[in-house]
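Could you slot chain R onto chain D? The hints should help.
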Amino acid sequence: MTDRESPSLTPAKRPAGTAATLGGSDGDRSEKPGTPAVPGPGPPPKTPPTPPEKPIAPPAARQARKAAELEELSKDLTWSRPPRRTPAAPLDFAATRRMHIVLVGWEFPPHHSGGLGVHSLELCRELTRMGHRVTFLTPFTGPFTEVPGVEFRYPTGPEPGEPAASYPDTYFAGELARGSSAEAIQGWDAWVESRGGLADASVVHIHDWFGTVGGIALARRLGVPSVLTIHSTEYDRSLGHPGEAIRWREEYGVRNADITIAVSQHLARQLIDRYGALPARVRVIYNAVRPTPRLEGVEAAHRIVLCLGRLTAVKGIDTFLRAAARVAPAFPDALFVVAGQGPEYPRLIDLAVHLGIADQVVFLGHVTEPERLVLLASASVFVLPSVVEPFGIAALEAMAAGVPVILSKTSGVAEVATNVFAVDFWDVEEFASRIAELLVYPVLRGTMGEGGRDDALREGWAERTVQTVGVYAELATRARHPR
Amino acid sequence: MKLVLYLHLHQPWRLARFRYMDLGSGRPYVDRERNLAIFRGIAERCYRPALDRLIAATEQHPGFRFSLSLTGTFVEQAEAAAPDVLDRIGRLVRSGHVALVGETYYHSLAFLLPPPELTEEVARHAQMLEDRFGRTAKVLRMTELAFSDDLARFAESGKYSAMLAEGWEGMLGGQSPNHVYCAASAPTVRLLLRNYRLSDDVGFRFSSKTWNEYPLLAEKYVRWLSSSPGDLIGLFLDFETFGEHHHADTGILDFLSALPAAAARERRLEWATVEDALDLDPVGTVSAPVTVSWADEKRDLGAWLGNDLQRSAFEAAKKLGTLVRPAGDPGLLEEWRRMLTSDHFYYMYVSGHGADADVHRYFSSYGSPYDAYANYMNALTDLRRRTLAVLDRAEPETPDPS
Numbered sequence: 001m002t003d004r005e006s007p008s009l010t011p012a013k014r015p016a017g018t019a020a021t022l023g024g025s026d027g028d029r030s031e032k033p034g035t036p037a038v039p040g041p042g043p044p045p046k047t048p049p050t051p052p053e054k055p056i057a058p059p060a061a062r063q064a065r066k067a068a069e070l071e072e073l074s075k076d077l078t079w080s081r082p083p084r085r086t087p088a089a090p091l092d093f094a095a096t097r098r099m100h101i102v103l104v105g106w107e108f109p110p111h112h113s114g115g116l117g118v119h120s121l122e123l124c125r126e127l128t129r130m131g132h133r134v135t136f137l138t139p140f141t142g143p144f145t146e147v148p149g150v151e152f153r154y155p156t157g158p159e160p161g162e163p164a165a166s167y168p169d170t171y172f173a174g175e176l177a178r179g180s181s182a183e184a185i186q187g188w189d190a191w192v193e194s195r196g197g198l199a200d201a202s203v204v205h206i207h208d209w210f211g212t213v214g215g216i217a218l219a220r221r222l223g224v225p226s227v228l229t230i231h232s233t234e235y236d237r238s239l240g241h242p243g244e245a246i247r248w249r250e251e252y253g254v255r256n257a258d259i260t261i262a263v264s265q266h267l268a269r270q271l272i273d274r275y276g277a278l279p280a281r282v283r284v285i286y287n288a289v290r291p292t293p294r295l296e297g298v299e300a301a302h303r304i305v306l307c308l309g310r311l312t313a314v315k316g317i318d319t320f321l322r323a324a325a326r327v328a329p330a331f332p333d334a335l336f337v338v339a340g341q342g343p344e345y346p347r348l349i350d351l352a353v354h355l356g357i358a359d360q361v362v363f364l365g366h367v368t369e370p371e372r373l374v375l376l377a378s379a380s381v382f383v384l385p386s387v388v389e390p391f392g393i394a395a396l397e398a399m400a401a402g403v404p405v406i407l408s409k410t411s412g413v414a415e416v417a418t419n420v421f422a423v424d425f426w427d428v429e430e431f432a433s434r435i436a437e438l439l440v441y442p443v444l445r446g447t448m449g450e451g452g453r454d455d456a457l458r459e460g461w462a463e464r465t466v467q468t469v470g471v472y473a474e475l476a477t478r479a480r481h482p483r
Numbered sequence: 484m485k486l487v488l489y490l491h492l493h494q495p496w497r498l499a500r501f502r503y504m505d506l507g508s509g510r511p512y513v514d515r516e517r518n519l520a521i522f523r524g525i526a527e528r529c530y531r532p533a534l535d536r537l538i539a540a541t542e543q544h545p546g547f548r549f550s551l552s553l554t555g556t557f558v559e560q561a562e563a564a565a566p567d568v569l570d571r572i573g574r575l576v577r578s579g580h581v582a583l584v585g586e587t588y589y590h591s592l593a594f595l596l597p598p599p600e601l602t603e604e605v606a607r608h609a610q611m612l613e614d615r616f617g618r619t620a621k622v623l624r625m626t627e628l629a630f631s632d633d634l635a636r637f638a639e640s641g642k643y644s645a646m647l648a649e650g651w652e653g654m655l656g657g658q659s660p661n662h663v664y665c666a667a668s669a670p671t672v673r674l675l676l677r678n679y680r681l682s683d684d685v686g687f688r689f690s691s692k693t694w695n696e697y698p699l700l701a702e703k704y705v706r707w708l709s710s711s712p713g714d715l716i717g718l719f720l721d722f723e724t725f726g727e728h729h730h731a732d733t734g735i736l737d738f739l740s741a742l743p744a745a746a747a748r749e750r751r752l753e754w755a756t757v758e759d760a761l762d763l764d765p766v767g768t769v770s771a772p773v774t775v776s777w778a779d780e781k782r783d784l785g786a787w788l789g790n791d792l793q794r795s796a797f798e799a800a801k802k803l804g805t806l807v808r809p810a811g812d813p814g815l816l817e818e819w820r821r822m823l824t825s826d827h828f829y830y831m832y833v834s835g836h837g838a839d840a841d842v843h844r845y846f847s848s849y850g851s852p853y854d855a856y857a858n859y860m861n862a863l864t865d866l867r868r869r870t871l872a873v874l875d876r877a878e879p880e881t882p883d884p885s
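In order, the protein sequence lines correspond to chains D and R.
Those letters in the first sequence? Residues 1 to 483, by the numbering used here.
Those letters in the second sequence? Residues 484 to 885, by the numbering used here.
Same shape as in the complex, but just chain R:
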């Protein structure tokens, strides 16, 4: 039984308050200092201590292997706010215990945009991995672990060996997530699936005192892992699980430290990176005509594009793409791509997914979804005006007549 631990590192460039009255003022959309301050805080509570423990684990346990992905916006912020975090990641990569996973540079919803946006963003990310770590990723993950038949074909065209996806019953149709599958639409692409029950035991439930398994100790958890049927277990988690979502005083960092040793005592368990896991033979095919993500109870894109605010904001951003590209200004293109980061749309979530609303509030950097929407739209409107100015065209839209 292979344990495929995969941790995702991401920080978005959150927008500054950009009032409607700020249109044309030349104010930056991103509050750089605020973002870096947030990053420093998380680095202190989470990135440094958790990476240190992972480094120690790779040194003490030769068999301990795992995988990481890191977005371009994360790397940009780390470079400016806490470069030692990147040094630690580099050290892990050089140790040979860690595989890196490819994705979009901006943690964006580019897969919903017309080509070649997705290709370019994934290529930019690949270039970043190459430049910084000298690695090429063989496995691809899409923003929010999105997966669909189209995305499998995209991975195939990009010569990726595998994609990561949510091990969701709705997609698996009774098959176990604990095996390697082939994508039905692109059989050269393997699928590694997230075992969401076992992953969420750590990701969501670990510090919940009302959980009947509280407290979760590494020994107990490893027993669960080892008694699960199948070839592999995909433990796919936000890196911030360790020290940020669950603070250090919940014992989460000690849990992380104890995990490799506890697993070593179970003969049946063996750590594997996402690339190691490709040695396993696929047992079947999986198809996802509709995009499946790892968020919320419905595992759809509802968390980003579920309500009118989100859809209208995303449509506006998409439309702006048809102006930004011909404008041919790299600065504008960069700013537009930062606006595609999925987090912006996540903040506009109103309600409707029940208990998930609490999760959304936790991750939001705004007081309300309306604040998020208005702010985003103001910045986007400003960007559109600047783009039109470059194109030497007047604002085509008339103000809303109703």
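Isolated chain D (complex conformation):
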């Protein structure tokens, strides 16, 4: 007698009142004393049970217990296949099969290619590839990189059958406010909340502070869950001196969205500490990169140490320059390249001159996508010296291109990358040493470059989007199965 033939007598967890079967042990029941041969009120068995050749004889105590269990189980016994046991809070994938997702965004490529813009584009691509429909609400008038299945709507755009918005678009068209910015933002909130044609929406997914008030209002009006992704906080962007209006909108979003997604653990902790986010309502989903082919045949005349990012105080470019000054004398053929623009530009130029390395530092200003690829193809080392970096997608892009990366320990990307040098953001000597080490040891450069590429491409936007849809599904389930 094998185990398979022995009665499975412990389906006691089966909820009372559901149909059940006792596996292959049907016939055993009649062998047990005190067990009704035919179950009580249930319908008769569809297939008559075949008794096994030899009944098993469990010890007396167990036998009595089993009999009682069987009694209990037999109350409404039917012989049909039982439904699969479902977990307490089942993921309702039916709800996610084909969703209409309203993204309340901000920038979108091609004109804006910061982390938020890239994230939005990639999310749109992957969501539509998975069969979902996306409506993207943005204050900007485009042009937008076309993604089939994504409808872009903006305040002055065509809105068939709807009244024109009373929204001062000039503020966001680049020209600074004719009216006050507060007025403009309120107009934006009202515009988002009142968008029609979204009756079939499944979820409202807001990105960063700008859309929080309007987006949450819209979700409430539509009766759908809201998700907020925070890419960086006002504390980070302002080095600890947040603008109150923005800070408030961030906190409002974090406290009111059903789930907040942070792009790193570091950021998630901040949301909990600074904005009182409930840990149970915070998820971490990292950014990703697309495999960019490393251009071949780019021969740099110099060895390039690259730093790429907006020239703001939080990016720590001054640390980069100070480290460069320590390294430069020993490496006369090294060129320290700063790509990006921003308010710190004049100060950084002054610093480079002051440090006496003006001849080995180049400020490129804004670089286009093709230029960026050429830079990555020719760089020997990439440095991300940020004081604060919620994620740091530029470093991940450098890794994907096989460039060895030195990054500050506080960056979000440090959480997903192991094949990098992680340095304290204030440690100029350490940055300098790491740069020199990568310049001087080719084997180190090669091995770290390869390892970094593996790190960067291990999980792509497809995986990140699946994780995001997982959050939608979780909320859809919660909405259908309220506790």
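For the record, the hints were derived by calculation from the structure and aren't laboratory data.
Beta carbons are placed, not taken as given, at the ideal position from N, Cα and C, and that holds for glycine.
There is no bait here: all hints are sound.
Far from chain R, by Cβ distances over 10 Å, these chain D residues were calculated:
(1) F144
(2) A182
(3) S194
(4) L198
(5) R220
(6) A245
(7) Y252
(8) T292
(9) A339
(10) Q341
(11) E344
(12) Y345
(13) G356
(14) A358
(15) H366
(16) R458
Below are the SDA-like pairs computed for lysine to any residue, each with C-alpha atoms no more than 20 Å apart in a straight line:
(17) D/K409 to R/R500
(18) R/K801 to D/V443
(19) R/K801 to D/P442
(20) R/K621 to R/P765
(21) R/K802 to D/P442
(22) D/K409 to R/G850
(23) R/K621 to R/D764
(24) D/K409 to R/D854
(25) D/K409 to R/R502
(26) D/K409 to R/Y849
(27) R/K802 to D/V443
(28) D/K409 to R/S848
(29) D/K409 to R/S851
For chain R alone, coordinates are given in the frame of chain D:
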């Protein structure tokens, strides 16, 4: 059936963080205090309690015999951090229950360097054993239990009676590890082989709660030993197994204490040192054209020289040898030899051996293999510059052009 218990004692001189910017600063490569602090910790958790239990066992069980090896770097650190550990070892040696095993002084990969490096390092170790314990080792073990036909010939030339090696199927070709063999390349050299299954039951699996034999008690283990076929069982382990790799609260020290008594109840079992085991007749020959070690699943030198970082670092160290020797400065020679310690290369292991990566991380003193490599190379570059200064020569290498 002879039980050949052999325990290996080693601590490396770990390097301090030596930045590229520290080149020429005269900073020491080794963080002496940190190493000694680590040693004190291990002495507390492992060396003292385990040695005490071994001493007690030799006193209670006249038949209990085993073997020890200890590297020169271990002795140096013990002397500075916990001299009582050496006293305990001395007491064991004097008791006559313990045989000492020879090896390189620096726990180095000197066997991959041109002669006479290996000869000198083994001689230095032999001198240390003689000075400190008044003993001469008859049996030789190479760093990480490395064995090859060349190493057998080396042992023969050094008048060693036997070598220790991993009882690895890849080398034994179907023969049992539970016998004494002759080295095919040097028939006067016997081979004592590590039974890695039974050794790893204690070394790796003892505290693993997912192991289906958990918990391992001395009685059960001795039953396994006694039911094994053959003439001897080589139980070769890191000494740190007892109290450090497995902490005391796993029961490992009690297991060690209980082992001699449990074995005494099995008539078939008899403790033997590596030298006692040489009385057994060899049953065949074993050849290893390629070096076999006791590490990782592949039992090769991949754990030390498996990736480009490791190979390039080792090549750089090897190359520096051709400068250090002519420089004739004993201080530089000593520092260079400390750089040959195999642990430095072990820390540069990236991945590729699967589950072994966890083992490597456990033993590493760096955050990443890249840290280990850069740090090592900086120190080595500094040492090279100092050596060139002694030789009154300029840096010959140009910076990497790519």
